[in-house]
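The listed protein sequences derive, respectively, from chains A and B. Heads up: the first sequence is residues 728 to 950, going by my numbering. Heads up: the second sequence is residues 11 to 216, going by my numbering.
Treat each hint with caution, since some may be false.
Claimed, not checked - Derived CB-CB ranges, DEER-like:
#, chain 1, residue 1, chain 2, residue 2, range
1, A, Phe940, B, Thr27, 40 to 50 Å
2, A, Leu772, B, Gln129, 47 to 57 Å
3, A, Val798, B, Asp15, 51 to 61 Å
To be verified - In the DSSO-like style, the derived pairs of lysine-lysine whose C-alpha atoms are separated by at most 30 Å in a straight line are:
#, chain 1, residue 1, chain 2, residue 2
4, B, Lys37, B, Lys18
5, B, Lys63, A, Lys760
6, B, Lys32, B, Lys119
7, A, Lys861, B, Lys32
8, B, Lys37, B, Lys137
9, B, Lys158, B, Lys184
10, A, Lys861, B, Lys37
11, B, Lys63, B, Lys137
12, B, Lys184, B, Lys37
13, A, Lys853, B, Lys184
14, A, Lys853, B, Lys119
15, B, Lys19, B, Lys63
16, B, Lys18, A, Lys853
17, B, Lys137, B, Lys158
18, A, Lys760, B, Lys19
19, A, Lys853, B, Lys63
20, B, Lys137, B, Lys176
21, B, Lys184, A, Lys760
22, A, Lys760, B, Lys21
23, A, Lys861, A, Lys760
24, B, Lys19, A, Lys853
25, B, Lys184, B, Lys119
26, B, Lys63, B, Lys37
27, B, Lys32, A, Lys853
28, B, Lys158, B, Lys63
29, B, Lys18, B, Lys32
30, B, Lys19, A, Lys861
31, A, Lys738, B, Lys37
32, B, Lys137, A, Lys760
33, A, Lys861, B, Lys158
34, B, Lys137, B, Lys18
35, B, Lys176, A, Lys760
36, B, Lys37, A, Lys760
37, B, Lys63, B, Lys119
38, A, Lys800, A, Lys861
39, B, Lys32, B, Lys158
40, B, Lys32, B, Lys21
Hints listed in this document are in silico derivations from the structure and should not be mistaken for laboratory results. We put the beta carbon where it would ideally sit given N, CA and C, even for glycine.
Each chain, written out:
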Amino acid sequence: MDWSPIWLSVKLASITTLLLLLIGLPLAYWLSKGRSVIRLVLEALITMPLVLPPSVLGFYLLLAFSPQHGVGKWLHDTFNIQLVFSFPGLILASVIYSLPFMVGPIKSALQQLPASWAQASYTMGKSEQETFLKVLLPNIRSSVFTAMVMTFAHTIGEFGVVLMIGGNIPGQTKVASIAIYDAVEGMDYGTANNYSLLLFAFTFVIVTTAFIFNRNKAKSPLE
Amino acid sequence: MIAIDIHKKLKVGARETDLNVKLQADKGSLTVIHGPSGAGKSTFLKVIAGLMKPEQGTIIVNDQVWLDTSNNINLSPQERRAGFVFQNYALFPHMTVRQQLAFATNDTKWIDRSIAIGQLQDHADHKPDYLSGGQQQRLAILRAMANKPSLLLMDEPFSALDQTTKVGLIADFKVLWNELLTTVIIVSHYPQELAGIATQELYIGA
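Using the sequences and the hints, build the whole thing.
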């Protein structure tokens, strides 16, 4: 069995999770602080990949990243970067696609903390940043862990967006879910089964780990 | 000496009211605020601490202007550093007694003394979940005082305590407030619990 699709999936999911942690923490904190129109609109946009068919997102990202148009053309002409049918393109698409899985649980957890904790910290002279890092963040650790696990698992399971943006280039964009589709297309059910079983077991283990880790804190891995 | 004069619109359910409060208090005095629920007592304390902004007003504490809306002066809560004891204590669940105090001050001698005053020596390395209601309350007050603030604001601090614990606690802290010349403002549903200790009372009506 060719292990490169599995390795590529794990690499994609790891990089996406790490990037989303860096983006998701400040974004979730900002969203948790109010209900202004800008926040509501942005939250709706972030949540849309949950309900939108992946092919729709993939289609628009394909247009946006295309070296013949707009942003994709500018990136190609200025920095010689091509995002379609490339691994960096997959990362960017995965970050957008998995954003709600990182931001949602962290935002809810922050909103459930008593406002008086941050207020107490401010009256002790602590800045907003220090308060977030030393008071709020340690108390939402389990939700951050859940968000990371769900983002990772969701990225591993990506198919539609990956196929639209990345295609099926071995060693570059052919992740495990694409390799299964490719094997079935070629009537190679044995290989498809190997990849499927691996993904099934892998996903089961990480989701169960999240449940065990948070068994006293969350009712569902999405909280 | 502190001088406060604020005007703030309050929304209680569907009803809108105006909170207009004037207060003058000498350094080292203890003011008890009482009045019906929803009248704005907690809001008043938060306005003083800088956690809420009134539409209009001035707050002057020991000759320093904390708020003057007509001159666009509004110090942040970090700049005001008023000690604040919240009704729900606002203790940080992940920090031990000593860590909560160390979060507020670097003065290790003062931290040791605070732990002794609060009779928390046996619990210095315990987190709030392992403390009784009275111990949590003492820690909340000591943490609010760890910076040795000139002004201490307390929102219903004794509501969860029985009468004996309450009397003992107030007596213990009165000694400390006298020593530091702390000006104290306490919101209480039962002003009589502070009879004999309070310098003045302020009624905030609905």
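Quick check: which numbered hints come out false for this structure?
-> Hints 6, 7, 8, 10, 11, 21, 30, 31, 34, 35, 36, 37 and 38 contradicted; others consistent.
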